[in-house]
Each structure stands twice: as C-alpha cells, then as structure tokens.
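Chain residues, written in single-letter form:
There are 2 protein chains.
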Amino acid sequence: MQTVAKTPAPPYYAVIFTSVRTDGDNGYGEAAARMLESASKQNGFLGFETARQEIGISVSYWSSTEAIKAWKENAEHRETQKKAKGWYSSFRVRVCRVEKDYGF
Amino acid sequence: MQTVAKTPAPPYYAVIFTSVRTDGDNGYGEAAARMLESASKQNGFLGFETARQEIGISVSYWSSTEAIKAWKENAEHRETQKKAKGWYSSFRVRVCRVEKDYGF
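Protein chains in written order, with my numbering: chain A, 1 to 104; chain B, 1 to 104.
If you're looking for bench data, these hints aren't it; they were derived computationally from the structure. It cannot be assumed that every hint is accurate.
Just so you know, same-sequence chains aren't split out, so a pair can sit in one copy or run between any two.
Here are the simulated lysine-lysine pairs, BS3-like style, with alpha carbons at most 25 Å apart [claimed, not checked]:
id, residue 1, residue 2
1, Lys41, Lys72
2, Lys41, Lys83
3, Lys83, Lys100
4, Lys69, Lys100
5, Lys69, Lys41
6, Lys6, Lys41
7, Lys6, Lys83
8, Lys6, Lys85
9, Lys85, Lys100
10, Lys100, Lys82
11, Lys72, Lys6
12, Lys72, Lys83
13, Lys6, Lys82
Nothing here was measured: the structure is a model prediction, and the numbers come from that model.
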C-alpha cells in the first residue's frame with residue numbers, strides 16, 4: 001500500500017515525471033518495478049510516489065541534484081530510458097528544488 | 001482528456017499535493033472541480049496535472065511564489081481548505097522551484 005512519502009525537512013529535490021502511455025504493456029510494468037527497486041538503492045534517494053489515470057504522475061525525491069544526476073546516468077537506467085519512446089506518447093521530466101512543505 | 005501540462009521554460013514553480021483520501025465523496029468531487037476552475041483564473045497559473053490510484057498526486061504550476069501565496073489565501077480556497085481533514089487521512093503539500101525540464 002502506497003503512502004505519502006516521508007521526506008526530511010526542506011530543502012531537498014523532486015523529479016516530477018508526467019506521462020501519457022502508449023497502448024499495451026510492452027514490458028513496461030516489469031521495467032518500472034525494476035527501476036523503482038534500483039532507484040531506491042541509490043545514494044540520496046528519499047522516497048517515491050506514483051499514480052496513473054488518464055496521465056501518470058510519478059515523483060521521486062532526492063537529497064541533491066548530484067544524486068539525481070547519478071541516477072539519470074546509472075547504466076541500467078540509461079538502458080531503460082532508451083525504451084521510453086515505445087512506452088510513452090508524451091512525457092515531461094521536471095527537476096525541482098522543494099523549498100517548503102506542510103501537511104498531516 | 002488530460003495531457004502533460006504545457007509549461008514555459010524554467011524557472012517556474014510547482015506545488016505537489018500528495019494525498020490519501022478518506023472513504024466516501026463528502027462533497028469532494030464538486031469542490032475539486034470548482035477549485036481547479038478557480039485556480040486556473042488566478043494570475044500566474046500555468047497548468048495542472050492530476051492522477052489518483054492508491055494515493056492521489058496533483059501538481060499545479062505557477063509563475064512565482066507570490067502567485068502561489070495569492071492562491072493559498074484566496075477566500076474561496078481558504079473555505080475549502082477547512083474541509084481537508086474530512087477528505088484526506090493524510091496529505092503533504094510541497095512547494096518547489098522547477099529548475100529544468102525536458103521531454104517530448
């Protein structure tokens with residue numbers, strides 16, 4: 001069961017990945033699970049949230065831009081990124097600095 | 001039909017709202033639609049993306065932190081915020097500066 005990610009006090013970083021899927025799985029489900037497992041082992045990984053209806057939104061949280069860059073350049077992740085054009089009809093990646101947060 | 005939000009070149013701002021809903025609608029659906037309509041008329045509103053499965057993730061995009069503050073303090077929005085404890089078992093609001101983006 002997913003929950004709201006338990007992140008530390010700001011500042012930290014978020015990568016917002018918004019996408020529209022193509023039809024069919026095409027190996028996506030397995031690759032997504034493997035990428036989350038791999039990301040969560042990276043230095044500086046803080047948490048992950050995801051949901052999909054008409055569009056998908058996945059947010060990963062990181063301690064620094066260096067940690068984000070290291071994950072982007074991870075060899076297995078790079079191989080998987082090459083498949084993006086088969087899985088998504090469009091996507092956008094937004095790298096953000098989280099400046100404040102609140103909630104309950 | 002939702003699409004990936006068409007945002008301008010960074011920097012701009014994102015508010016990531018992650019939540020777990022309580023059972024039942026309790027007026028949520030109507031209020032959510034009304035708040036999106038109202039937000040989209042605010043100065044500095046750039047776009048909106050939302051999806052919900054186990055958790056909900058809604059991201060609104062803004063031109064400045066002043067625009068975010070003005071929306072947070074909007075009278076109708078403040079009234080609606082008071083109902084949050086009935087709609088959500090937990091939520092987190094994260095205010096972010098989008099530093100770069102890419103995609104197709």
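Structure-based check of each hint:
Taking identical chains as interchangeable, the C-alpha atoms of Lys41 and Lys72 lie at most 25 Å apart only when both belong to the same chain, with a minimum of 13 Å there against 36 Å between chains. With identical chains, the CA atoms of Lys41 and Lys83 are at most 25 Å apart within one copy only, with a shortest distance of 22 Å there and 38 Å across copies. With identical chains, the CA atoms of Lys83 and Lys100 are at most 25 Å apart between copies only, with a shortest distance of 22 Å across copies and 34 Å within one. Taking the shortest alpha-carbon separations for Lys69 and Lys100, both the intra-copy value of 22 Å and the inter-copy value of 12 Å come in at or below 25 Å.
When the C-alpha separation of Lys69 and Lys41 is checked against a cutoff of 25 Å, the pair qualifies only within one copy, where the shortest distance is 14 Å, while the shortest distance between copies is 36 Å. When the C-alpha separation of Lys6 and Lys41 is checked against a cutoff of 25 Å, the pair qualifies only within one copy, where the shortest distance is 16 Å, while the shortest distance between copies is 32 Å. When the C-alpha separation of Lys6 and Lys83 is checked against a cutoff of 25 Å, the pair qualifies only between copies, where the shortest distance is 23 Å, while the shortest distance within a copy is 30 Å. For a Cα distance limit of 25 Å, the shortest separation of Lys6 from Lys85 across copies, 19 Å, qualifies, whereas the shortest one inside one copy, 32 Å, does not.
In this homomeric assembly, Lys85 and Lys100 come within 25 Å of each other (Cα to Cα) only across copies, at 21 Å, whereas the closest approach inside a single copy is 34 Å. With identical chains, the CA atoms of Lys100 and Lys82 are at most 25 Å apart between copies only, with a shortest distance of 20 Å across copies and 34 Å within one. In this assembly of identical chains, the alpha carbons of Lys72 and Lys6 lie at most 25 Å apart whether taken from the same copy (22 Å) or from different copies (23 Å). Only within a single protomer do Lys72 and Lys83 lie at most 25 Å apart by alpha-carbon distance; the minimum there is 14 Å, versus 40 Å between protomers.
In this homomeric assembly, Lys6 and Lys82 come within 25 Å of each other (Cα to Cα) only across copies, at 23 Å, whereas the closest approach inside a single copy is 31 Å.
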